[in-house]
Amino acid sequence: MPDLGTYAFAVLGSYGATILLLAALVGLSLWRGVRMRRALREVEARQGTTHA
Amino acid sequence: MIALLLRDLRLATRAGGGFGLGLAFFLLVAVLVPLGVGPEPALLARIAPGILWVGALLACLLSLDRIFALDFEDGSLDLLATAPIPLEGVVAVKALAHWLVTGLPLTLLSPVLGLLLNLPGPGYVWLMLSLALGTPALSLIGAFGAALTVGLKRGGLLLSLLVLPLYMPTLIYGAEAVRRGADGQGALTALLLLAGITAGAAALLPFSAAAAIRVNLR
Amino acid sequence: MQTSAGLLPWVAGLSALCLTVGVIWGFFFTPDDFRQGSTVKIIYLHVPAAMMAINAWIMMLVTSLIWLIRRHHVSALAAKAAGPVGLTMTAIALITGALWGQPMWGTWWAWDPRLTSFLILALFYLGYIALWSAVEDPDTAADLTSVLCIVGSVFAVLSRYAVNFWNQGLHQGASLSLDKKENVSDVFYLPLLVCIAGFVLLFVTLVLLRTRTEIRARRLQALLARERMA
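Protein chains in written order, with my numbering: chain A, 1084 to 1135; chain B, 95 to 312; chain C, 709 to 938.
Treat the hints with care, since some could be wrong.
As the list claims (entries may be wrong) - Label-pair restraints from in silico Cβ distances: (1) Ala136/B to Asp847/C: 34 to 44 Å; (2) Ala118/B to Arg1120/A: 26 to 36 Å; (3) Trp1114/A to Ile732/C: 21 to 31 Å; (4) Ala1107/A to Glu182/B: 18 to 28 Å; (5) Gly290/B to Arg1121/A: 34 to 44 Å; (6) Asp847/C to Gly280/B: 41 to 51 Å; (7) Arg308/B to Ala930/C: 49 to 59 Å; (8) Gly290/B to Ser841/C: 55 to 65 Å; (9) Ile179/B to Leu773/C: 23 to 33 Å; (10) Arg1115/A to Met95/B: 42 to 52 Å; (11) Arg743/C to Val206/B: 28 to 38 Å; (12) Met95/B to Gly714/C: 50 to 60 Å.
To be verified - Part of the chain A face toward chain C, derived, beta carbon under 8 Å: (13) Met1119; (14) Val1126; (15) Glu1127.
To be verified - Stretch-level coverage of chain C by chain A, calculated; a stretch enters the list once three of its residues show a Cβ under 8 Å from a Cβ in chain A: (16) 769–781; (17) 907–919.
Note that these hints are calculated values from the structure, not bench results.
Positions of the beta carbon are idealized from the N, C-alpha and C atoms, including for glycine.
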């Protein structure tokens, strides 16, 4: 860890917040993606169609 | 188109039409702010331009959903859309009606409220001028927002979220004009830019609003 | 769907690579700045995020226009997908900016033109996303949000100038330019470029991923409607 001096809070806070937000965005996007895929597969199986 | 204008004006000024509501709200803002920030005259004088403009903005916001929603609900909007006058004209007329019932009274009442907020003497002319030039833009932008949300049940809050950011340039130039005028600095630039926004809104927004209404009428 | 299925792992991988390399390079292997100390390390997050916040909106504008003119459904859904990504980028820019500003300017927030413009941009994103959620019919939502995006873009530009008129500001002038001769020295510039590339690729990855999800969601909605009517 480089010596961040008095600015440790600012720098680590920034990196922390960014990583958190991006992880949340990616995570939510993936989760919704999986959910939709599963739901679509279910309904398509029920109706006997396949997707494009 | 005149018939439409008169009809809308009549509907708005009837009992239950909401006329006066905007004015009352404007007055309330002018009372609430000193209660909130303290009665010190120097402070009020400095924030008066901004408060008056924000008050005008919020007061205009109140009656926006009535521009199209009532006609949408009883089917008159469908009729208007297929009438001989272009829908863009309908939007412009309705925005004008809104202004006559909201923006214009606000402009006329503003000096009284300026008094309450200790607006410096030179500012009054600029206050009325800026409101006269800027409130039409508020009606036009508001009409656009109303057109977007006309089909929604609880569209009021969303309407505010959509319209308030669009109000910001008008607010900035309007309040700046009053502030600079009150200070004795040149307020003309701000006023011209304000007028520019109103003119641009009048040119662009009837078309966008009409497009949104057609989409919502499908 | 098939092209994006093939593309997705590559873009995702490339983005992860650039981000990792860029962030590690910038964080661990660059010196402190003469004036700003170690806070200069925030640049590797703040600048790319801010750039993407703007670029995301521009992409949404273009795809909205394509939807209105050519009626490609994917276009409208891509704009919808990009909204939350742009909003997150704006949030990152604002938060890292505040954390950077505190030690540098002595305040968490200042009504400086650039910061104010970004705050206004965040509000535009919120309105756009809210309108998509509020309207039930997907085609109506696509049309309305597209019109909002276009009118919003005009007002966003107007706001930029209005806010400059309103306050001169203390945010640093543009220090990145294409000819590299500006205020950011090489030592910081190269890892910054890698980070920018990483953020761009991340944006593309997320939009691809989210658009696929939107396409599936749309199809799901249509199939469920068909069931209800049968």
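Against the structure, the hints:
Restraint check, Ala136/B to Asp847/C: a C-beta distance of roughly 56 Å breaks the suggested window 34 to 44 Å. Remark: the range hint 26 to 36 Å for Ala118/B to Arg1120/A is contradicted by a beta-carbon distance near 54 Å. At roughly 27 Å, the beta carbons of Trp1114/A and Ile732/C sit within the given window of 21 to 31 Å. With their beta carbons about 43 Å apart, Ala1107/A and Glu182/B fall outside the hinted range of 18 to 28 Å.
Between Gly290/B and Arg1121/A the Cβ separation comes to about 53 Å, which falls outside the hinted range of 34 to 44 Å. Take Asp847/C and Gly280/B: their Cβ atoms lie about 50 Å apart, and the range 41 to 51 Å holds. Hint check: Arg308/B to Ala930/C, Cβ distance near 23 Å, so the stated range 49 to 59 Å is violated. Checked against the hint of 55 to 65 Å, the C-beta distance between Gly290/B and Ser841/C comes to roughly 34 Å, which is inconsistent with it.
One distance hint, 23 to 33 Å for the beta-carbon pair Ile179/B and Leu773/C, holds here, with the actual separation near 28 Å. Checking the proposed 42 to 52 Å range against Arg1115/A and Met95/B shows it holds: the Cβ atoms sit about 48 Å from each other. Our hint of 28 to 38 Å for Arg743/C and Val206/B is violated, since their Cβ atoms are close to 52 Å apart. Distance hint for Met95/B and Gly714/C: a CB-CB separation of about 56 Å, consistent with the stated range 50 to 60 Å.
Because the smallest distance between the Cβ of Met1119/A and any Cβ of chain C comes to about 4 Å, under 8 Å, the interface hint for this residue holds. Contact between Val1126/A and chain C, as hinted, is supported at the beta carbon level, the nearest pair being about 5 Å apart and thus within 8 Å. With 8 Å as the threshold, the beta carbon of Glu1127/A comes within range of chain C, its nearest partner Cβ sitting at about 7 Å, so the hint holds. With 0 residues carrying a beta carbon less than 8 Å from a beta carbon of chain A, the segment 769–781 of chain C misses the three-residue requirement, and the given coverage is violated.
Coverage of the segment 907–919 of chain C by chain A holds [criterion: at least 3 residues with CB-CB distance below 8 Å; count 4].
In this structure, the hints that do not hold are numbers 1, 2, 4, 5, 7, 8, 11, 16, in rising order.
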